[in-house]
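Enquirer: As a plain string of letters, each chain reads:
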Amino acid sequence: MLRPAHWMARATAPVDAASLAVARIAFGLVLAGGLVRYLLTGWVDEVFVQPSFFFKYPGFEWVSVPGPTGLYALVGVSLAGALGMALGLFYRVSAALFVGGFAWLNLMDLTNYLNHYYFVLIFGALLGLLPAHRVWSLDARRRPGQGLTVPAWMLWLLRFQIAVVYVHAGLAKVQPDWLLHAQPLSIWMAARTDTAIIGPFLGAPWVAYAMAWTGCLYDLTIVGWLLWKPSRPFAYAAVWVFHAFTHLFFDIGLFPIIMTAVTPLFFAPGWPRRFVRRGREAAQAAVASAARFAPPPRAVVAAALLWCAFQGLWPLRSHVYGGDVLWHEAGMRFAWKVMLREKQGSVTYRVQVPGRARPYEVSPNRYLDWRQHSEMSGQPDLIVQLAHHVEADFRQRGHGDVAVYADAWVSLNGRPPARLLDPTVDLTRLAPDQTGWILPRPDGPPLSARSAVVHPRSVQ
Amino acid sequence: MVSAQPRGQGLGRWLVAALAGAVALTVACDDAASPVDLGRRQAFLRSVGPNVFVPTYAAFAREAAALRSALQGWDGQADSADAPRAAFTAAMTAWQQAEVLQAGPAGSSLLYVGGADLRDALYSWPTTNPCRVDQALVDQSYAADDYLRTALVNGYGLDALAHLVFGAADRNACPAQAAINADGTWAALDAATLAGRRAAFAQRLAAHVDETAQALVSAWSPTGGDFAGQLGEAQGFDGVQAGLDQVAWGLFYLDRQLKDVKIAFPAGIDPSCPTDQCPEAVEFPDAPGLSLAALRANLVGFRALFEGHLPGAPEQLGLDDLLADEGATDLVVELRAAMDAADGALAALQGSLAEAVVAQPEAVQALHAATKTLSTLLKTRVVTVLNLTLPQEGAADND
Numbered sequence: 001m002l003r004p005a006h007w008m009a010r011a012t013a014p015v016d017a018a019s020l021a022v023a024r025i026a027f028g029l030v031l032a033g034g035l036v037r038y039l040l041t042g043w044v045d046e047v048f049v050q051p052s053f054f055f056k057y058p059g060f061e062w063v064s065v066p067g068p069t070g071l072y073a074l075v076g077v078s079l080a081g082a083l084g085m086a087l088g089l090f091y092r093v094s095a096a097l098f099v100g101g102f103a104w105l106n107l108m109d110l111t112n113y114l115n116h117y118y119f120v121l122i123f124g125a126l127l128g129l130l131p132a133h134r135v136w137s138l139d140a141r142r143r144p145g146q147g148l149t150v151p152a153w154m155l156w157l158l159r160f161q162i163a164v165v166y167v168h169a170g171l172a173k174v175q176p177d178w179l180l181h182a183q184p185l186s187i188w189m190a191a192r193t194d195t196a197i198i199g200p201f202l203g204a205p206w207v208a209y210a211m212a213w214t215g216c217l218y219d220l221t222i223v224g225w226l227l228w229k230p231s232r233p234f235a236y237a238a239v240w241v242f243h244a245f246t247h248l249f250f251d252i253g254l255f256p257i258i259m260t261a262v263t264p265l266f267f268a269p270g271w272p273r274r275f276v277r278r279g280r281e282a283a284q285a286a287v288a289s290a291a292r293f294a295p296p297p298r299a300v301v302a303a304a305l306l307w308c309a310f311q312g313l314w315p316l317r318s319h320v321y322g323g324d325v326l327w328h329e330a331g332m333r334f335a336w337k338v339m340l341r342e343k344q345g346s347v348t349y350r351v352q353v354p355g356r357a358r359p360y361e362v363s364p365n366r367y368l369d370w371r372q373h374s375e376m377s378g379q380p381d382l383i384v385q386l387a388h389h390v391e392a393d394f395r396q397r398g399h400g401d402v403a404v405y406a407d408a409w410v411s412l413n414g415r416p417p418a419r420l421l422d423p424t425v426d427l428t429r430l431a432p433d434q435t436g437w438i439l440p441r442p443d444g445p446p447l448s449a450r451s452a453v454v455h456p457r458s459v460q
Numbered sequence: 461m462v463s464a465q466p467r468g469q470g471l472g473r474w475l476v477a478a479l480a481g482a483v484a485l486t487v488a489c490d491d492a493a494s495p496v497d498l499g500r501r502q503a504f505l506r507s508v509g510p511n512v513f514v515p516t517y518a519a520f521a522r523e524a525a526a527l528r529s530a531l532q533g534w535d536g537q538a539d540s541a542d543a544p545r546a547a548f549t550a551a552m553t554a555w556q557q558a559e560v561l562q563a564g565p566a567g568s569s570l571l572y573v574g575g576a577d578l579r580d581a582l583y584s585w586p587t588t589n590p591c592r593v594d595q596a597l598v599d600q601s602y603a604a605d606d607y608l609r610t611a612l613v614n615g616y617g618l619d620a621l622a623h624l625v626f627g628a629a630d631r632n633a634c635p636a637q638a639a640i641n642a643d644g645t646w647a648a649l650d651a652a653t654l655a656g657r658r659a660a661f662a663q664r665l666a667a668h669v670d671e672t673a674q675a676l677v678s679a680w681s682p683t684g685g686d687f688a689g690q691l692g693e694a695q696g697f698d699g700v701q702a703g704l705d706q707v708a709w710g711l712f713y714l715d716r717q718l719k720d721v722k723i724a725f726p727a728g729i730d731p732s733c734p735t736d737q738c739p740e741a742v743e744f745p746d747a748p749g750l751s752l753a754a755l756r757a758n759l760v761g762f763r764a765l766f767e768g769h770l771p772g773a774p775e776q777l778g779l780d781d782l783l784a785d786e787g788a789t790d791l792v793v794e795l796r797a798a799m800d801a802a803d804g805a806l807a808a809l810q811g812s813l814a815e816a817v818v819a820q821p822e823a824v825q826a827l828h829a830a831t832k833t834l835s836t837l838l839k840t841r842v843v844t845v846l847n848l849t850l851p852q853e854g855a856a857d858n859d
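Chains A and B, in that order, give the protein sequences. Just so you know, the first sequence maps onto residues 1 to 460 in the numbering used here. Just so you know, the second sequence maps onto residues 461 to 859 in the numbering used here.
Pulled out of the complex, with its shape left as it was, chain B reads as follows:
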């Protein structure tokens, strides 16, 4: 009995010491905001902004400005649309390269650190609504001061612009029962009025695209929002790995949008297509050649993000190097081969994607298979080796 009290105090001391030690360790180790260089994954985050995101966005911004200029003098007539269409094609191709770059201000504000929804503002596909664009032509709501604030994302941006620049001059995209057709307001517009409104609407949207593109560049620039610097230091992220996760999420564009929507749907591989082929389901049904160009640009963007630099630019630290760091050099070789195979399959398609779907179904299926191989490697081994956490996986604990 005599020794009970000292033993109790000893136990207490041990417990308190253990508790204090564990808490101190946890607190010390939880501080991920250290300015010290913390390894290759952080080096990648520091490099990918200036070497991939910023130049890609800057290239797009140049094309967006050119598009704005090209539309200034357009009268809205189809027979004078060559220059606007060429400028749109250049801008859209530049943007498609940026589609995999979804981290930061371009990304969803609900999902990404620093997300400002600029991607959807620029191009909301596959959320598009050409009928809504035609309705705006009729009611001239596009001219209202607050149109860009109140319209849904599919009422402006490059997707709406594509409909205005490439869409049929005398038809609208709405069903017969839609108000503009049922009440005859569309039919009441003469061709000249419609062209004038189309030109004015397109010019307003092009100006907005241009300004949004500049805003995106500024958001990444050291003299603006400096998101490149923020990403490089993983500021606002739950550590360097979380920054890597968000950059890598963009790669899944290849699986979810490119493979499943852009290729499988029109090719009749996806059940969204009720018949053998659905050529009308290509990304740009009114712009022959642009759907294929978009696929090519998507793959260029994918490779740039993977390798950490744009084509022709000096080599930089990329995801390929991070995979090699983990001993997965064989995986890097496989991924490069799969990217080459996808490029090759794409090059084998002739004419437009809509034409190829009908005339070269096996070749389109081969392209789908090539992207599937790439997607499988991405979803299985890349995610495993880099220990990536996918979106929504954070909405739960492990084990």
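The shape of chain A in the complex, shown without the other chains:
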């Protein structure tokens, strides 16, 4: 057991900044590519220009949605920031531009929330705070003499952030739908049977079970394998294979690429120099002779420890709430509960107007596009947000003080649809501490792993 002083000594030991630089370059390039993809696919228009209503994050209602010119400018600023990070040019400013722009883009509409966008934001922010531009950057060319090393704790912090994703993603998979019923993997695999070569076998139940258990074990243990030097190359090969599969089978965009790009941070800090002959010996000598860094200020230590504690504990908050987080969604976001649910809902609002015998029935289609509608219909807090908007819309049309109820039906992982919300509760008058308005998840297992195995003609 090492004492704090020993930990501090190890934390402040100088290590080669090369792996940090490679992570910076890879991260910047991948995110720049992602933003270019956003522009080329027309997603900016579809996601931000066309909708007429946007769901807000609590506390961030003030985040506005610019007009089309502003939106494209915002994407442009983020793109410039990402490229600036990759080049290591005006690094801090570039990182701030990227993180700020990307955060703005993501805070505009809650239905755009993705776990990997959250990872990009926090990893980008951490990377921006660290001197990842110390080597192999234009800043280092502009202002040489910044040194070739960084204190070891900086790499630890980034490794910890990566580990948080894997471990919590693994823990989240330890639940019956995933392990005992191979859902929603079985549903997803059945839709991938046109994949060449292996496709015909993907409908077989054992494949979904094998993938479910392998995925869970991978997430739970990969960090350990990456930390243990003898297994590290094999583990990184597994990272490639795992993320190649996830990229192939699931539309999770940049996530596999980002994780594959940043996971080499687990290798020895000087690993990139093995592939760069020029100046290698001099750099290795300089690293070997570098002086130990001074301990960081206490405020920095405290902030780092607090951050780690938050990242370690916050994803577990759903256990405090009880119930099935996949159903009620409380504690679902910012918790690395990745690829755990196939959830589709149908919501109709019933709006009781004063003086009218029958309530109006309002489809969310009046306010939302297909994508927003699909995201909203399984998430109680979003259903409540739209209920408030419906109330405001009716008030604006002169209907006065209306009550808004929801007929919300949801199918989770193939279960028969069940009511998500109490249809007798006026969603515009929910008290902050009110309970019971979200109904419990129906009993019973999800859809069985498909009975049809491999059709004979499928393997001709």
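Keep in mind that the hints were calculated from the coordinates and are not lab data. Keep in mind that a hint or two might mislead.
Said to hold, decoys possible - Here chain A is said to cover these stretches of chain B; the calculated rule only asks that three of the stretch's residues, wherever they fall, bring their Cβ under 8 Å from a Cβ of chain A:
(1) 499-512
(2) 536-547
(3) 787-793
What the hints assert, rightly or not - To be clear about the criterion: a stretch of chain B counts as covered by chain A if any three or more of its residues have a C-beta under 8 Å from a C-beta of chain A, and this derived list gives those stretches:
(4) 630-642
(5) 840-846
Stated by the list, open to error - Reference excerpt, derived from the structure (chain A facing chain B, CB under 8 Å, subset only):
(6) Q344
(7) V351
(8) P445
(9) L447
For every residue, glycine included, the Cβ atom is placed at its ideal position computed from N, Cα and C.
With chain A fixed as given, assemble chain B onto it according to the hints.
Expert: Frame of chain A; chain B shown alone:
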């Protein structure tokens, strides 16, 4: 130190091997254009074209040709409109069965693979503009060579034709402040002139509908565009599942158009209706009985797409079979029961839909409730079990 270099080379070899393996696997598995039979979902795509789309479109094309013929001798007068109206009713009923078949050339060119916007060219409802049709009668723009190229979709097609064939002979659909009323150009037309223009306009539109219907049939035919073959091999789609997605999107017509616009609006269930009922908001306010016939045909089309064959035709692979493949046989039973309930609720309505909205409000509400049940099953469990991706969901990644 001595062993550092070999270890480094070993690491490099491992990384390169892993990278190459992963890339090879990805590339190999990404090739979805294999000609090999790849399962029941592809079998469905191969079957649904020849067994549902093509015969439905062909039936409509026959009626469209008959409509064109029926309008040839029409003089534009209301008292000689029985035959044209009967032909229009037959054609429109045939088309309503095709409304759920939105994949391929009929569909939006912005949304569907092979989409050529033929549906909107044939029938752009709910984007309609009878006033614009009356304006064209006055300025005779319909006679211009480029009218069909330059007019908006609500200036031609079956929706415009419905106004010409069923609309009041002596009134127009424009507000008083519209130019044709404000400047008196409509009032200046005598009945005979108006009838002559109405007949000529209708004949031109019917010819266009007929030609568009033939084009749609040809686009699906093996001797034409062979979209049925393209769909069957998922050519141009991002895999078989993407083809299934696009075929299934048509089912949502039941939710968005049939339930919310055709029933909820006139029944006063939807807030678009400011009063207790809005019978004037039925799909065909000038053609009694046609709105109900359209609903019936919509449900027939929905069931045909779900079961993979037309009524009375031999059983084929349908979406019901694909749901059963995934173990959701209970869902198939529920869906059939919900379709039967919707048919039953529709059969309980008497007279026209506009009359039923006023005289049988509870029965119309029951019809709405039945379609809502069907819609809920569709939006929740069918989408889940078949892992359908809905339109615009592609405009984002997952998780």
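Enquirer: None of the hints should be skipped; say for each whether it holds.
Expert: Each hint, compared with the structure:
1. Taking a C-beta to C-beta cut-off of 8 Å, the segment 499-512 of chain B contributes 4 residues in contact with chain A, enough for the three needed, and the coverage statement holds.
2. Requiring three or more residues with a Cβ within less than 8 Å of a Cβ of chain A, the coverage given for the segment 536-547 of chain B is violated, as only 0 such residues are present.
3. Residue count for the segment 787-793 of chain B with a Cβ under 8 Å from a Cβ of chain A: 4. That meets the three needed, and the coverage hint holds.
4. Counting residues of the segment 630-642 of chain B whose C-beta lies closer than 8 Å to any C-beta of chain A gives 0; at least three are required, and the coverage claim is violated.
5. Interface restraint, the segment 840-846 of chain B with chain A: holds (6 residues with C-beta to C-beta distance below 8 Å; minimum three).
6. About 4 Å separates the beta-carbon of Q344 (chain A) from the nearest beta-carbon of chain B, less than 8 Å, and the hint is met.
7. Of the supplied interface hints, the one on V351 (chain A) holds, with its beta-carbon coming within about 7 Å of a beta-carbon of chain B, less than 8 Å.
8. About 11 Å separates the beta-carbon of P445 (chain A) from the nearest beta-carbon of chain B, more than 8 Å, and the hint is not met.
9. Interface hint status for L447 (chain A): upheld, as the beta-carbon distance to the closest one in chain B is roughly 6 Å, under 8 Å.
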